[in-house]
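Based on the sequences and whatever the hints tell you, model everything.
Taken in order, these protein sequences are the chains called A and B. Sequential numbering from 2 applies to the first sequence in our numbering. Sequential numbering from 2 applies to the second sequence in our numbering.
Simulated from the structure, these hints should not be mistaken for lab results. Check each hint, because a few of them may be wrong.
Claimed, not checked - Ranges between beta-carbon positions, derived for each pair: (1) A/R126 <-> B/D31: 49 to 59 Å; (2) A/D110 <-> B/T354: 40 to 50 Å; (3) B/S269 <-> A/Q28: 15 to 25 Å; (4) B/T354 <-> A/T83: 47 to 57 Å; (5) A/P148 <-> B/Q12: 25 to 35 Å; (6) B/L216 <-> A/L46: 29 to 39 Å; (7) A/Y227 <-> B/P81: 45 to 55 Å; (8) B/Q12 <-> A/R238: 27 to 37 Å; (9) B/S163 <-> A/Y227: 43 to 53 Å; (10) A/M128 <-> B/P106: 56 to 66 Å.
Heads up, the beta-carbon is just placed ideally off N, CA and C, and yes, glycines get one too.
Protein chains: 2
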Amino acid sequence: MRSDDQTFIEQLESLSRSQNGALIREQLSDERPEDLADALVRLDLDEGLVVLKSLDAEQAGYILVELPTETARAYIRELPDTTLAHYLDILPMDDALDLREELGPERFDALLEIIPAEDALEIRRLMEYPEDAVGRIMTEQFFEVSPDTTMAEVLKDIRLSSEEKYETVNDIYVLDQHSHLLGVFSLRRAIRALPDQKAGELMNQEPVTCEAFELAEEAARRMARYGFYALPVLDRRGRMVGLFTGDDAQTVIREEDTEDVLKMGAVSGDAEAYLSLSVWQLVKRRVPWLLGLFVAESLTGNVLRYYGQGGDDLHMNPLAFFIPLLIGAGGNSGSQVTTTITRALALGEVRPTDWWRVTRREIATALISGTILGVVGFLRAFVNVPILGWGAPLDLSLVVGAALPAIIIWSTSVGSLLPITAKRFGLDPAVMSAPFISTFVDATGLIIYFEIAKHVLGHLGT
Amino acid sequence: MRSDDQTFIEQLESLSRSQNGALIREQLSDERPEDLADALVRLDLDEGLVVLKSLDAEQAGYILVELPTETARAYIRELPDTTLAHYLDILPMDDALDLREELGPERFDALLEIIPAEDALEIRRLMEYPEDAVGRIMTEQFFEVSPDTTMAEVLKDIRLSSEEKYETVNDIYVLDQHSHLLGVFSLRRAIRALPDQKAGELMNQEPVTCEAFELAEEAARRMARYGFYALPVLDRRGRMVGLFTGDDAQTVIREEDTEDVLKMGAVSGDAEAYLSLSVWQLVKRRVPWLLGLFVAESLTGNVLRYYGQGGDDLHMNPLAFFIPLLIGAGGNSGSQVTTTITRALALGEVRPTDWWRVTRREIATALISGTILGVVGFLRAFVNVPILGWGAPLDLSLVVGAALPAIIIWSTSVGSLLPITAKRFGLDPAVMSAPFISTFVDATGLIIYFEIAKHVLGHLGT
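Next up, the structure:
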């Protein structure tokens, strides 16, 4: 990450406003695609398009690869075929499917005609593998020799091999005539060996491998466990069909970890960069869980009603029946946000300077999900139908329906701003844990509930 | 991970019982250290010691490196100097400090005398860097050339270099006479270049770098972001002092992610493998947070008392004041456990076959933390001193004090068994999220509370 990222964003914005293609190309041609992608996520779509269209098509392709899927999709709709062809030629296979979905199969097939035929064939082959399988993200480019190849021949082959192939050569794979993997040795080893030594003598005969149909996450964890930078990929008959490289494995692990973290905070969906998601996408990732937990939590209300409706020591004010529901909804929405933001901060997807970008979309998200839960909560309290509702008085039901959005907006604001503020002051944002936010929101949320109750119940009368 | 890990553990157990050193050495000499370490974590200390002492000292050293810190520490106390010297010679610097702490400075210095002098010096140098800094985990072994070295000379140097040095050679670093980093090129590139081409012409002049005093996590994330397998490490004056390799970077990221996940679940402490921690260590990682959140949550009780003690519409049974406290404690302890176990399952540290190893230690942990919270909860309810306590009646205080450990034991059991069961049936354990467990425990926890209340309050009389 550039240390001057905020300045860089502003530079891009003003370049974009200049609409001067030649200037843009000249100023940005030496920038790394990762840095440009990072800034483009923070630009408006129109501004970003000016930049991408001004750049050399190859550079634009490399930037598209680095963009989060959702942002890339938005740009893809607007970019010319030359840029898309460059992109298609280098993108990971996961993204190829997204691209096809976005462009439609016809335009996608047309693009495949533009790129080198061999690459187009590889794309078609790899797209056949199931999602999340190693085969989908492996490369078919690896360096193979037969067991009786001498080291002198190996080095000569490397000198003569295609640019693409030699990109992956840190290890050399020894295959028999039926493509079965016999062993592996490193390029370093080849250099240090005697020129007439044979691959079969030099190789390590028990390489750690993975299978094309295996879950990519499992293969990636195995690679990390043994400290390798690539694993050979075998088909079901033990033939080597590709190479699972370390940087792809790291991406898989990072995304799986992100998805796990989000799931543990009750947020569903793929590991998408936070800033690339729209408010509507944020709502879709959170509201189903919030609603599900809300329904489950209302069981707690049933328990309270069961014990608290008698006339004995356990008798309770019906106001109490809704307490777990309200603090549960506040705690859950707070957990969702703090989990999302803390992870995005850890990955560097969000930085403290993004606080307004975050707050803006979180408040909009909370307004929508708060309204949905408020309506459901009101109905749940008011409707007098067994199982569906509790038939509470209108005034109490209104209190519940009004308290829910208020508590959710409050807990969402707390859950997004506390981790960012912690990071801003050099603290570890992860200490603003889900339980911490929940606890904090519990007490304050109840104040909101009772203040609303005091005014509404006092005036409407029970 | 071996597919037959449970069988492998049993094989180790029976080998250990045989006490036959020669047999153990023969049977295990070809196993990977990662697999042996994985099994040793699950063996009793005595059994594991028999294995480690039987193996060749060098192999034992490699296994110690792969063991989680806490397990390694336990073995270190019992192992002979020859094994420890092999271990010291290859361990990451973080572990060197643990080793010194465990052995005491004198025995540690004695060990440094046994290993090669150059390695001992490197260890002493790197131990000077601050914790979590790149300098602490970099290697000082890298391949450097001057800008006017020809490729023919580079390849000759690689052939003649020491075994240790050539282990790291995928990239070759170009340094000026004052050790300032000028550029980098890959070994592949060197092979494909003309023999009389010079390093200075070939190199990439803008390598991504890191600094020795920089946080290792930041450097590791940068390495991952740009998809590199190593970063050159510079001192404050721009001189290259070491290499931060990709496998060390991955370990850093994995550990930082684990610590973040645990923190987000309100568990403190380093990223230690779950099974290597004792019950007492689990208690230490969780109870401070549980207690802190308990105190914070009792503010919610204050809010309830404030609004609920009047005689108006808001009046409440004092029994209700403790509801947020009880469901909070249940939810928090459930979150702690489910977060810990889900992460351990994702990393493969815990497998479904470990369910009894997990349940055993979780119930013991819950007994201890439940008792502590029960006592604190009873005092908090009963003591009639402003700020410290609420002066509730004895019977109600007893109900709170008894419900807390019961709820905590219940939520801990649910929080540990549900993710393991999910994994066992091929589901993603992460869907047993903290909010899910909390919600589930809320309703059931209240049943526990009211059942205890019904019996105690009924009999003691308020």
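A quick look at each hint next to the structure:
The hinted window of 49 to 59 Å between A/R126 and B/D31 is violated, with their beta carbons roughly 36 Å apart. In this structure the supplied range 40 to 50 Å holds for A/D110 paired with B/T354, their Cβ-Cβ distance being about 48 Å. Distance hint for B/S269 and A/Q28: a CB-CB separation of about 47 Å, inconsistent with the stated range 15 to 25 Å. A C-beta distance of roughly 55 Å is found between B/T354 and A/T83, which places it inside the suggested range of 47 to 57 Å.
Evaluation of the 25 to 35 Å hint for A/P148 and B/Q12 yields a pass: the beta carbon distance comes to about 32 Å. The given range of 29 to 39 Å is respected by B/L216 and A/L46, whose C-beta atoms sit roughly 34 Å from each other. Separated by about 28 Å at the C-beta atoms, A/Y227 and B/P81 break the suggested range of 45 to 55 Å. Between B/Q12 and A/R238 the beta carbons are some 30 Å apart, a value that agrees with the proposed interval 27 to 37 Å.
At roughly 24 Å, the beta carbons of B/S163 and A/Y227 sit outside the given window of 43 to 53 Å. Restraint check, A/M128 to B/P106: a C-beta distance of roughly 60 Å satisfies the suggested window 56 to 66 Å.
The structure fails hints 1, 3, 7, 9 (numbered hints given earlier, in ascending order).
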